[in-house]
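Asker: Single-letter residue listing:
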Amino acid sequence: MFENCGLVISAGIGVALMAGVSALPTVLLQWRGQSWRMKHADYVQ
Amino acid sequence: MTFGRIDPTPLRFYDFIQPLSMVKYLSVVIPAVAYAMVFLMSSVLVTVEIPQLFGEAFHFNAQQLGLQFLAIIIGSVIGEQLGGVLSDKWMTLRARKGARPPPEYRLWLSYIGFILAIVGYVVFLVQTKNAGTHWNITPLVGAAIAAAGNQIVTTVLITYAVDCHHEEAASIGVFITFVRQIWGFIGPFW
Chain A
1 MFENCGLVIS
11 AGIGVALMAG
21 VSALPTVLLQ
31 WRGQSWRMKH
41 ADYVQ
Chain B
1 MTFGRIDPTP
11 LRFYDFIQPL
21 SMVKYLSVVI
31 PAVAYAMVFL
41 MSSVLVTVEI
51 PQLFGEAFHF
61 NAQQLGLQFL
71 AIIIGSVIGE
81 QLGGVLSDKW
91 MTLRARKGAR
101 PPPEYRLWLS
111 YIGFILAIVG
121 YVVFLVQTKN
131 AGTHWNITPL
141 VGAAIAAAGN
151 QIVTTVLITY
161 AVDCHHEEAA
171 SIGVFITFVR
181 QIWGFIGPFW
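Residue numbers (our numbering), protein chains in the order written: chain A, 1 to 45; chain B, 1 to 190.
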């Protein structure tokens, strides 16, 4: 990756991956997490 | 001194793959994936690339390369202390205002971890490029920040996942570690 794209573009790729795969799903999780948990009714918080 | 099993229940094959059944809980899968990606970029990539990039750019010998990793140690220690303390203080602070907050409230802290990991990662790469042929400390500052962010994300996300399903705590830990290891293994091939 570094050889093909160079360091700076790789930095951009990393930011996009971390934002898109980690941060955004966490936003979704924070929004919806409670209702997802409730659906697994054996454990109610 | 005698050795023996703590729990005499017979081992079954299913015991080894049971943690994979955690995939049915989205509130475990998403933290696992999010954590794995951050771990890959801010920890694995930085660790693998320090010898690669610094070796090529600065012509370091093994000892010099080894010393670079001090930055990661410092960053990780700071991040772990911050993550652990903040995580619990955050929740107890909120609990004082009323009933015990839902586990999702803890996730506010993960964003600090994500930001630190992203910023540290970018600083590491950009500053390594800017350094040219003369080493300076700034890429390692980035590596330390990324390591701190990684630890905060680790603490917050795993605590959240276990908080959601207390009874599966052990399996959740194994599952998240499994996803993280696979991700961290596949990533560097790019």
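FYI, nobody ran anything at the bench for these hints, they're computed from the structure. Heads up, some of the hints might be wrong.
What the hints assert, rightly or not - Think about it this way: if two alpha-carbon atoms lie no more than 20 Å apart in a straight line, the pair counts; the simulated SDA-like pairs of lysine to any residue are:
| id | chain 1 | residue 1 | chain 2 | residue 2 |
| --- | --- | --- | --- | --- |
| 1 | A | LYS39 | B | VAL162 |
| 2 | B | LYS24 | A | SER35 |
| 3 | A | LYS39 | A | LEU28 |
| 4 | B | LYS129 | A | LEU7 |
| 5 | A | LYS39 | B | ALA169 |
| 6 | B | LYS97 | B | TRP108 |
| 7 | B | LYS97 | B | GLN81 |
| 8 | B | LYS24 | A | TRP31 |
| 9 | A | LYS39 | B | TYR105 |
| 10 | A | LYS39 | B | LEU53 |
| 11 | A | LYS39 | B | LYS89 |
| 12 | B | LYS129 | B | GLN52 |
| 13 | B | LYS24 | B | LYS129 |
| 14 | B | LYS24 | A | LEU7 |
| 15 | A | LYS39 | B | LYS129 |
| 16 | B | LYS89 | B | TYR105 |
| 17 | A | LYS39 | B | VAL29 |
| 18 | B | LYS89 | B | ARG100 |
| 19 | B | LYS24 | A | MET1 |
| 20 | B | LYS129 | B | LEU53 |
| 21 | B | LYS24 | B | SER171 |
| 22 | A | LYS39 | B | LYS97 |
| 23 | B | LYS129 | B | GLN64 |
| 24 | B | LYS129 | B | SER21 |
| 25 | A | LYS39 | B | SER76 |
| 26 | B | LYS89 | B | VAL162 |
| 27 | B | LYS129 | A | MET1 |
| 28 | B | LYS129 | A | VAL21 |
| 29 | B | LYS129 | B | THR47 |
What the hints assert, rightly or not - Here are the computed distance ranges between Cβ atoms for each label pair:
| id | chain 1 | residue 1 | chain 2 | residue 2 | range |
| --- | --- | --- | --- | --- | --- |
| 30 | A | CYS5 | B | THR177 | 22 to 32 Å |
| 31 | B | ALA95 | A | CYS5 | 43 to 53 Å |
| 32 | A | VAL8 | B | HIS134 | 17 to 27 Å |
| 33 | A | CYS5 | B | ALA170 | 53 to 63 Å |
As the structure is a computational prediction, the values presented were derived from the model and not from experiment. All residues carry an ideal CB built from backbone N, CA and C; glycine is no exception.
Asker: Are the hints correct? Go through all of them and say.
Answerer: Taking the hints in turn, this is what the structure says about them:
no. : hint                             : in the structure
1   : LYS39(A) to VAL162(B)            : holds (17 Å)
2   : LYS24(B) to SER35(A)             : holds (14 Å)
3   : LYS39(A) to LEU28(A)             : holds (16 Å)
4   : LYS129(B) to LEU7(A)             : holds (6 Å)
5   : LYS39(A) to ALA169(B)            : holds (19 Å)
6   : LYS97(B) to TRP108(B)            : holds (17 Å)
7   : LYS97(B) to GLN81(B)             : violated (25 Å)
8   : LYS24(B) to TRP31(A)             : holds (18 Å)
9   : LYS39(A) to TYR105(B)            : holds (19 Å)
10  : LYS39(A) to LEU53(B)             : violated (48 Å)
11  : LYS39(A) to LYS89(B)             : violated (29 Å)
12  : LYS129(B) to GLN52(B)            : holds (13 Å)
13  : LYS24(B) to LYS129(B)            : violated (43 Å)
14  : LYS24(B) to LEU7(A)              : violated (38 Å)
15  : LYS39(A) to LYS129(B)            : violated (49 Å)
16  : LYS89(B) to TYR105(B)            : holds (12 Å)
17  : LYS39(A) to VAL29(B)             : holds (15 Å)
18  : LYS89(B) to ARG100(B)            : holds (13 Å)
19  : LYS24(B) to MET1(A)              : violated (33 Å)
20  : LYS129(B) to LEU53(B)            : holds (9 Å)
21  : LYS24(B) to SER171(B)            : holds (12 Å)
22  : LYS39(A) to LYS97(B)             : violated (27 Å)
23  : LYS129(B) to GLN64(B)            : holds (19 Å)
24  : LYS129(B) to SER21(B)            : violated (43 Å)
25  : LYS39(A) to SER76(B)             : violated (36 Å)
26  : LYS89(B) to VAL162(B)            : holds (18 Å)
27  : LYS129(B) to MET1(A)             : holds (14 Å)
28  : LYS129(B) to VAL21(A)            : violated (26 Å)
29  : LYS129(B) to THR47(B)            : holds (16 Å)
30  : CYS5(A) to THR177(B): 22 to 32 Å : holds (30 Å)
31  : ALA95(B) to CYS5(A): 43 to 53 Å  : holds (47 Å)
32  : VAL8(A) to HIS134(B): 17 to 27 Å : holds (19 Å)
33  : CYS5(A) to ALA170(B): 53 to 63 Å : violated (40 Å)
In this structure, the earlier hints numbered 7, 10, 11, 13, 14, 15, 19, 22, 24, 25, 28 and 33 are contradicted, and the remaining ones agree with it.
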